[in-house]
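Based on the provided sequences and hints, a complete structural model is requested.
Protein sequence lines, in the order shown, are assigned to chains A and B.
For the first sequence, our numbering gives the first residue as 17, with consecutive numbering after it.
For the second sequence, our numbering gives the first residue as 17, with consecutive numbering after it.
Since the hints were derived computationally from the structure, they do not count as laboratory data.
This structure is a prediction, so every number in the text was calculated from the model and none was measured.
Please note that the accuracy of each hint is not assured.
[Said to hold, decoys possible] Quick look at which bits of chain A chain B covers, simulated, 3 or more residues with Cβ under 8 Å:
no. : stretch
1   : 129-135
2   : 176-184
3   : 358-372
[As the list claims (entries may be wrong)] Label-pair distances were calculated between CB atoms; the ranges are:
no. : chain 1 : residue 1 : chain 2 : residue 2 : range
4   : A       : Pro197    : B       : Val177    : 25 to 35 Å
5   : B       : Ala344    : A       : Ala333    : 53 to 63 Å
6   : B       : Ser325    : A       : Arg284    : 51 to 61 Å
Positions of the beta carbon are idealized from the N, C-alpha and C atoms, including for glycine.
There are 2 protein chains.
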Amino acid sequence: MSRAFNFSAGPAALPESVLLQAQSEMLEWGKARASVMEISHRGKDFEALAAEAEKDLRDLLDVPSNYKVLFLQGGATLHFAQLAMNFARPDQTADYIVTGAWSEKAVKEAKPLTQVRIAASDEAGKFTAIPPRASWDLDPNAAYVHIVANETIHGVEFHTVPDVGAVPLISDLSSTILSQPIDVSRFGMIYAGAQKNIGPSGLVVVIVREDLLERCPKSIPKILNYAEHAANGSMLNTPPTFSWYLAGLVFKWAKAQGGLKALGEINRQKQELLYGYIDGSGFYRNPVEISARSWMNVPFTLPSESLDSVFLKESEAAGLLALKGHRAVGGMRASIYNALPLQGVQALVDFMRDFASRNG
Amino acid sequence: MSRAFNFSAGPAALPESVLLQAQSEMLEWGKARASVMEISHRGKDFEALAAEAEKDLRDLLDVPSNYKVLFLQGGATLHFAQLAMNFARPDQTADYIVTGAWSEKAVKEAKPLTQVRIAASDEAGKFTAIPPRASWDLDPNAAYVHIVANETIHGVEFHTVPDVGAVPLISDLSSTILSQPIDVSRFGMIYAGAQKNIGPSGLVVVIVREDLLERCPKSIPKILNYAEHAANGSMLNTPPTFSWYLAGLVFKWAKAQGGLKALGEINRQKQELLYGYIDGSGFYRNPVEISARSWMNVPFTLPSESLDSVFLKESEAAGLLALKGHRAVGGMRASIYNALPLQGVQALVDFMRDFASRNG
Chain A
17 MSRAFNFSAG
27 PAALPESVLL
37 QAQSEMLEWG
47 KARASVMEIS
57 HRGKDFEALA
67 AEAEKDLRDL
77 LDVPSNYKVL
87 FLQGGATLHF
97 AQLAMNFARP
107 DQTADYIVTG
117 AWSEKAVKEA
127 KPLTQVRIAA
137 SDEAGKFTAI
147 PPRASWDLDP
157 NAAYVHIVAN
167 ETIHGVEFHT
177 VPDVGAVPLI
187 SDLSSTILSQ
197 PIDVSRFGMI
207 YAGAQKNIGP
217 SGLVVVIVRE
227 DLLERCPKSI
237 PKILNYAEHA
247 ANGSMLNTPP
257 TFSWYLAGLV
267 FKWAKAQGGL
277 KALGEINRQK
287 QELLYGYIDG
297 SGFYRNPVEI
307 SARSWMNVPF
317 TLPSESLDSV
327 FLKESEAAGL
337 LALKGHRAVG
347 GMRASIYNAL
357 PLQGVQALVD
367 FMRDFASRNG
Chain B
17 MSRAFNFSAG
27 PAALPESVLL
37 QAQSEMLEWG
47 KARASVMEIS
57 HRGKDFEALA
67 AEAEKDLRDL
77 LDVPSNYKVL
87 FLQGGATLHF
97 AQLAMNFARP
107 DQTADYIVTG
117 AWSEKAVKEA
127 KPLTQVRIAA
137 SDEAGKFTAI
147 PPRASWDLDP
157 NAAYVHIVAN
167 ETIHGVEFHT
177 VPDVGAVPLI
187 SDLSSTILSQ
197 PIDVSRFGMI
207 YAGAQKNIGP
217 SGLVVVIVRE
227 DLLERCPKSI
237 PKILNYAEHA
247 ANGSMLNTPP
257 TFSWYLAGLV
267 FKWAKAQGGL
277 KALGEINRQK
287 QELLYGYIDG
297 SGFYRNPVEI
307 SARSWMNVPF
317 TLPSESLDSV
327 FLKESEAAGL
337 LALKGHRAVG
347 GMRASIYNAL
357 PLQGVQALVD
367 FMRDFASRNG
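Okay, structure coming up:
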């Protein structure tokens, strides 16, 4: 056996050099005489690691100095609830833009906590487009506007940051963070589960503008209060130390690739190659409006569902893993995050072309 | 450099054989052609891993069939809040037994959510004993009674399960789970952060009696609702897969040691050796009442604080790591969890004896 091209939607492929380094220092990290998993998060060694990971992430995203960077837990899903708990009063409205399964889930988790308004939705279009900004019914008094920057299941992505005026824009970037440069200053808060472009599942990165932290109510448990986490350097309780360490290695790797500009250029090429082939194939089909197509998750269907199982079996045998689409949309899905190289997409396209020629 | 005896209070030492296995399969796990970190939690390979880890934990703890075993996130601290949110109505009382820093923290996190009653506390005794059961002022209508089975900072442990009648007993077992056999049927719920006897930080094991899940309110976000987690096999959202995997390896290791009876016997010997030496030394001192002394965390002081830094420097040079006590109590602390072998305690005692002879 050997490592294959891994198109998993998440937990997703990690850079091989990162895994090799983690492997080499699994039993002894630095001068610790122990694994990085076995040392206190309050010791100077781990504190240095944590600070360096934060600095590298700030460098990569060019995070303004009036933003806090937090390393938390619970997956993006916990933060669907937690952000509503922190930034909206129960009697206040919060505006949600619904562009797929994850923004629907964000709505569901926030509903017990605030007055959710659906300011725009592409549900009627089966989540194949971003509703045009001009159509959004925003409340100027809303606590915030929430978007999911990239929908992993439907393969729909915001390619520009919408202007929502003075209301803070909050975005789940789980599946697109670090894939290309982004202007953090346009957001009140961004957050991302780690398991696509950052590291192992179980870690969530939150980047929040300091003035928003003043809204965090003192009446909620500290462990759910972002201001408390910020005041305690993400160490209000024991953080997921191994995940934080591995995220730090991924940030170093991303810097070594040339940062987000360089990664963004590779990602642009990857998606162009794949969508370009799909559109011209006359065999495969992606339903998403071209302007809203995700650079990270490419769902596609075959001419007949009866071919799905054959495609999956043969692609796996060809060293192309985890191409099964989500049950909500069916067909296939290629997730092509940062750690999946251009050669991986080329290998997929070559396979798809061959498969089409044999089954067309 | 080489691995040393690691007395860290948490994240704590892991069995070396577990780290070696994780190292060997870091890039390719089983037949996955990817790291276990890189595969979907919803694929059959990870589902099998997850089921096996649960089965092994059930075997080790002899968990009755009417209990659910959940693998969650957030540290015990999130569950301080979450259990109050799930099992007590805001207008209901909940009884807390306060035996140290962690039970104090459990109180603080629950206070915004329910009517916390301190049914017993050893605060006046500076947390050196378990308040006698007969002195507890329990409310027979309380939602639950909460204890922290072992206090890592003060080194105080419950060595019997208190009888609290028909009210469900809920216990934080973070620092004592798997250290000896326990009768799970005596509890409504037990929960434990992984980073002492289970695995890496970021994972929390929750074992909860099914009838309690009927209390979980539908009015809270799903991600904070134990019944939802139970109904979804702990996969309501992406779980911390690598931590779950590593916990599974630790469970296999614990079984190979002979299970909790055998581990309990080793742990009994370890603490007897250390407390026995301390008490007879005429140099070191542990303030905890003998019946309440922790088997896992042994705080001790030297005759003069001025010796602390010398002790720490010399012990580290002797290959005995992380002996600094918590700032709340000062002095030293030896955490002697499952993965710290009897030889480690013997090496510590040998060092302590030598240090005392040179500084007495």
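For each hint, the structure was consulted:
1. Counting residues of the stretch 129-135 of chain A whose beta carbon lies closer than 8 Å to any beta carbon of chain B gives 1, which falls short of the minimum of three for the stated coverage.
2. Coverage of the stretch 176-184 of chain A by chain B is violated in this model, with 0 residues showing a Cβ closer than 8 Å to a Cβ of that chain against a need of three.
3. A stretch counts as covered by a chain when three or more of its residues have a beta carbon under 8 Å from one of that chain; for the stretch 358-372 of chain A and chain B the count is 0, and the coverage is violated.
4. For Pro197 (chain A) and Val177 (chain B), the Cβ-Cβ distance of about 57 Å falls outside the hinted range of 25 to 35 Å, so the restraint is violated.
5. Against the hinted window of 53 to 63 Å, the Cβ-Cβ separation of Ala344 (chain B) and Ala333 (chain A) comes to about 59 Å, which satisfies the hint.
6. Checked against the hint of 51 to 61 Å, the C-beta distance between Ser325 (chain B) and Arg284 (chain A) comes to roughly 56 Å, which is consistent with it.
Comparing the model with each numbered hint stated earlier shows that hints 1, 2, 3 and 4 do not hold.
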